[in-house]
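Engineer: Protein chains in written order, with my numbering: chain C, 114 to 475; chain F, 525 to 1124.
It should be emphasised that the hints constitute simulated quantities derived from the structure, not laboratory data. Built from N, CA and C at the ideal position, the CB exists for glycine as well. Check before you lean on any hint, since a few could be wrong.
Claimed, not checked - Here's a subset of chain F near chain C, in silico, CB distances under 10 Å, partners left out:
(1) Arg882
(2) Lys1069
(3) Lys1073
(4) Val1075
(5) Ala1077
(6) Val1084
(7) Lys1087
(8) Leu1090
(9) Glu1092
(10) Lys1095
(11) Lys1098
(12) Arg1100
(13) Met1103
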Amino acid sequence: MIKACYIHIPFCERICSYCDFCKVYYDNKWVNDYLTSLELEIKDKYQGDVLDTIYIGGGTPTCLKIEELKRLFDIIKMFKVSDNLEFTIEGNIESIDEEKLKLFKNNYVNRLSIGVESFHPKHLELLNRRHSTKETIDALTLIKKMGFKNINIDLIYAIPNQTIDELKEDLNLFLKLDLPHLSVYSLIIEEHTKLYLDKVDNIDEDLDYEMYQTINQILTNHGYHQYEISNYAKDNYESKHNLTYWNNEEYYGFGLGASGYLGGVRYTNTRSISNYLKGNYVNEKIQLTKDEMVENALILGLRKIKGIKIENFEQKYGIKMMEDKVIKELIKEEKLISNNGYIYINSKYIYLSNEILVRLMK
Amino acid sequence: MKQENIRNFSIIAHIDHGKSTLADRILDATSAVTEREQKKQLLDNMDLERERGITIKLNAVQLKYHYQNEDYTLHLIDTPGHVDFSYEVSRSLAACEGALLIVDAAQGIQAQTLANLYLAMENDLTIIPVINKIDLPNADIERVKKELKDTLGFNEDEIILTSAKSGIGITELIEAIIEKIPAPKGNKDDNLQALIFDSYYDAYRGVVALIRVVNGKIKVGDQMKMMSNGLTYEVVELGVHNPYPAKKDMLVAGEVGTVCGSIKNISDIKVGDTITIEDSPASNLLPGYKPMKSMVFCGLYPLDSSKYPELREALEKLKLNDASLEFAPETSKALGFGFRCGFLGLLHMEIIQERIEREFNIDLIATSPSVIYEITLTDGSVINIDSPVKMPDKVKIVDIKEPYIRTNIFVTSEYIGPIMELCQNKRGIYHSIEYLDNTRVSIHYEIPLSEIVYDFFEKLKSYTKGYASFDYDFIGYKSSNLVKMDILLNGEIIDALSIIVHKDFAYNRGRIIVENLRKLIPRQQFEVPIQASIGNKVIARADIKAVRKNVLAKCYGGDVSRKRKLLEKQKEGKKRMKMIGSVEIPQEAFLSVLSMDEED
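Turn these sequences into a full structure, and let the hints steer you where they fit.
Structural biologist: Below you can see the structure in the form of structure tokens.
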């Protein structure tokens, strides 16, 4: 049974300098055709499973006009959903208003994930995002006023020229907003982004690490717990949808450039909007081998601070984790810890987790 | 074939002056090769040769040409162009009566033009000067003619103008070969003297020697004898290349061809040696034989230690075709089992390394090149060492001598200043400057060979925007104030990184090496100090920082395939590192000691 579904809305009104996700400039000529194609894709793949989570990501889903959003929700009505559905929509500060929020509410959206990225004008400019601190605070206040409780914001740190003090200011503003969830990412300068083309350098590794520790400390002191490398939540506010990924469970992925995992096959949709509109949805399909599944389970599972539940892993993949030579070595070196039926990365080494994963790969 | 209708000749030139293309055109003109077979540069057999545009191993081709109602047989003996192989060049020239001296119409005379010309003159060859590439837009035929006349003393009417690329002047050239180069003089009734000017290994026939029969004749079934070492073999097969192998029953005085005798070991067949017949031996060797001597040494280690047997096999296979390659097992504390290898020169070293990596697929770590040092000890004895590791304790040393070379750097006069500066930085001693004409000079410095094995070539190129050409002669050993400098990682001496360096240059060199290593070695699990020391005295230090971050900051469902690729790349990267103690060192770090510059 598939329990999770991701829907990609690729449209954006502005392209962020660090973004290498699949996105196109918003153009109302295309949105309706896109939604038509999306509906066909969903009808084509969806098997009637009862979903626990729906996640509309982007791009900027909230940049769609109200009529377009209504149509999107009409499409989504075809899904069967469970009673405790987690239904997330991503958005940005500029495109949220009361009318849209009301529409979300009426369509069972119960979690909002807002790309704030930074509160600092200088850093927002480098990231090519244009909202003021006041606009951010106003928008989030409105969201809370409208009755949304499960709210996440994204923040980015390790931005070129960022200081520890500026990072602390960002965190303090987040704390003031009193939201239950924070995704906080160290800036990755990916190829095919403006930052990369502008030859922007990463900040010093030591400073990056110091920032990571600062975040960890401040958030932990304020009642948030880290449950994944870059994710912090108040109790019971972990993202169920994202945990599906990290638990290496299957999910539907619909829309331009989206990926999904169905029947042991990981597929990725085309990033070409013209192909997508023609109904050529899938670009790549990989039937995973057993080894790849196991490795994915480790790569994803060890992102969770709680780690991998040994019993589940053994049931699912038929592998006795505690007898694996490399795992035993890593436990001996105290890089992995085995405790209470779980295996997880020693918190001292979380920021070096690739060094561990590389050893776990065949 | 009448002996008076045979012409044996070579083509000599500076690199890239069009030697191989010209050889191809001559082959075309004598219809030796059909068009379909005309790969560019037919004589260069190895891929590597073709790629680098240089000739490494020799070849000899038999060509037929009809001229003025007579049939002529031409033997074209190809020579390597590079200074490292000058002994081989000299032996192949000794197999000829004449040589074509090719000069590029745009570049004029260069260092190797002269070096090769001198070798040809030593062998008393008739030289035909050829200006090639005359159809280049920047050709300056008049200037090059003047150089040939003023500097080398040729007459204007001797000079032949060609464009090998467009086929201009080829017929005139072939006719000049027939008209001007004398027929071989030997007596076919004398006892056999055949000069070995090259050899190679053939999987089916064993060692194949390329020979020029100087006197007498050699037949299949003869019992032949190598005059330098007395080894005898039955002649199993004789042949020529035209350019494809064709069998012969007999080769007689004046002819050039191949001989096989089920010979297994290429080192038994020495270039420059004389073959005679066991029963009726010639009284003496042909002149000029000398054993080849390695000038440059380095340690070669497999990156993956388990590939040691494969590396041995690769070296053995290469040695089959290359008698000048020397190797002996060597153990390094840092790198494990490997081989100390000796080469004729730097290019030779590079070529061997590249062939091992490419043809045998073994990733190598090469230690920094060394020369042979002559060390006088307190007890009066003299030892030779080819590796810094073998350096005796300082208190036992009275004197260290190192090999010196004399440079022959060809360049336009505007670069005299920078070149003098470069040579001085390389501990060079000024010898002389010769003016070829108003603008072109040949600069002579005496420089320790060990300084040339570092980055001299690259420096020379960058100092002169690539215009300088360079050649050198070995001139002997001189005393120097040398010390051994060790590099320590995490407090441990990494023997493979030790170098021998002049005392006055040690401090600066140590500082640069340590700094380069700091940049080349990635962050480690913990902080690692890098030190340079002489004896127990640390003269430079830098620290490699501990790795703080190696994490996929963001990874959601669809990303996992992409992130896997990233992790796989990291894993691959780790495989290309050498684990020494607990420090991971990338391959290129071992050569960083070569560079006198700070890396960016």
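Engineer: Interface hint check: F:Lys1095, Cβ to nearest Cβ on chain C, cutoff 10 Å. Holds or violated?
Structural biologist: holds (5 Å)
Engineer: Under 10 Å, Cβ to Cβ, is where F:Lys1098 needs to be relative to chain C, so tell me if that hint holds or is violated.
Structural biologist: Since chain C brings a Cβ to about 7 Å from F:Lys1098, closer than 10 Å, the hint holds.
Engineer: Does F:Val1075 pass the interface check with chain C, least Cβ-Cβ distance below 10 Å?
Structural biologist: holds (5 Å)
Engineer: Tell me if F:Met1103 is really an interface residue toward chain C, meaning its C-beta lies closer than 10 Å to one of theirs.
Structural biologist: violated (13 Å)
Engineer: Quick check on F:Leu1090 please, does its C-beta sit within 10 Å of some C-beta on chain C?
Structural biologist: Since the shortest Cβ distance to chain C is 8 Å, the answer is holds.
Engineer: Against chain C, with CB atoms and a cut of 10 Å, does the hint on F:Arg1100 hold up?
Structural biologist: violated (13 Å)
Engineer: Next item in the hint list is F:Arg882. Is there a CB on chain C closer than 10 Å to its CB?
Structural biologist: Since the shortest Cβ distance to chain C is 28 Å, the answer is violated.
Engineer: Hey, does the F:Lys1069 contact hint survive, CB to chain C under 10 Å?
Structural biologist: Interface hint status for F:Lys1069: holds (7 Å vs cutoff 10 Å).
Engineer: Grab the minimum C-beta distance from F:Glu1092 to chain C and call the hint holds if it beats 10 Å, violated otherwise.
Structural biologist: With a closest approach of 7 Å, the F:Glu1092 hint holds.
Engineer: Under 10 Å, Cβ to Cβ, is where F:Val1084 needs to be relative to chain C, so tell me if that hint holds or is violated.
Structural biologist: With a closest approach of 5 Å, the F:Val1084 hint holds.
Engineer: Should the interface hint for F:Lys1073 be scored as holding, given a Cβ-Cβ cut-off of 10 Å against chain C?
Structural biologist: Holds. Min distance 5 Å.
Engineer: Return the status of the interface hint for F:Ala1077: holds when the least beta-carbon distance to chain C is below 10 Å, violated otherwise.
Structural biologist: holds (4 Å)
Of the numbered hints given earlier, the model fails hints 1, 12 and 13; all others are met.
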